[in-house]
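Under my numbering, think of the first position of the sequence shown as 1, with each following residue one higher.
Note that these hints are calculated values from the structure, not bench results. Any given hint could be a false lead.
Stated by the list, open to error - Straight line, CA to CA, 30 angstroms or less: simulated DSS-like cross-link-like pairs of lysine-lysine: (1) K107 - K164; (2) K59 - K164; (3) K84 - K59; (4) K88 - K164; (5) K88 - K107; (6) K84 - K107; (7) K88 - K59; (8) K59 - K107.
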Amino acid sequence: MAVTTTAITVVPLDMAWDSFDDQYPGCRHAMSTLLPALNHFEFQQNPLFARVWVTAADKWWRRGPPVTPLSPEQAIALMTYTMKDMSKEFNDAVCAAGRSRQQYRDKFHFKALHFLLTDALATLRDARGPRCHRVYRGVRGLRFEARRGDTVRFGRFASASLRKQIAQQFGTDTMFQVQTCQGVNIREFSSNPSEEEVLIPPFETFEVTDVTREGDRALIQLRSSGTFSRYSCEWLRDQLSGDRLCVLSAGGTILTPLNLLYPPDIPHGTPYFPCQP
């Protein structure tokens, strides 16, 4: 439970059980194949996501895409995440979407972005090989509390920097010094490359190795200890159980793009809608 002091909210650092933490094991190809249906539907449901995506895509193509193992959609998703105002709203939703399957299904309109970010980080890890980073994360307005030896997660896509001075610009009420082995350097895909950002996925677990206090401020040191997810290919499970997306073809036929790995060739901009049970 969060406790508010004069200017700082004190919150426990724990396993973030309400987080939506899917790693999409064994279903990344299926999700990628079906992504156009989900993306178009969420653009209709989430105007902020649609607007920022267009801005990020324009910035990405104007910059001149580097040689990368990422698809354009994966790269633009990373750019979208780093755009102003997007990461907070997105992460607020991620932190609550795992409360229940219904919460994820009905209230979380960042399913496509969550998958693309997770998939992009996995693709970059696979391409670059296993490596760990020592990074820093600064937080303003929140003082996290933890005990040495605890196992914790951020439960969000946590932005950190390779440079402590940059992390301190985002706040010093809690400073994290983190050894991450799932986090990935996304500098070349960021709208702010000078931040030298390493993006840590919500499912990485950490051991708390040290906690110190300096007045109202906290310094917490974390060491990667693995991964943990409660959810597994949740969106595909929903589709198979009947909560599907459909599209009306030019001939008036209702098509479901979830039969299963090979959706029909649907023109860009065709509206998607929930299928009737």
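Query raised in the report: Can you name, in rising order, the numbers of the hints this structure does not satisfy?
Result: 1
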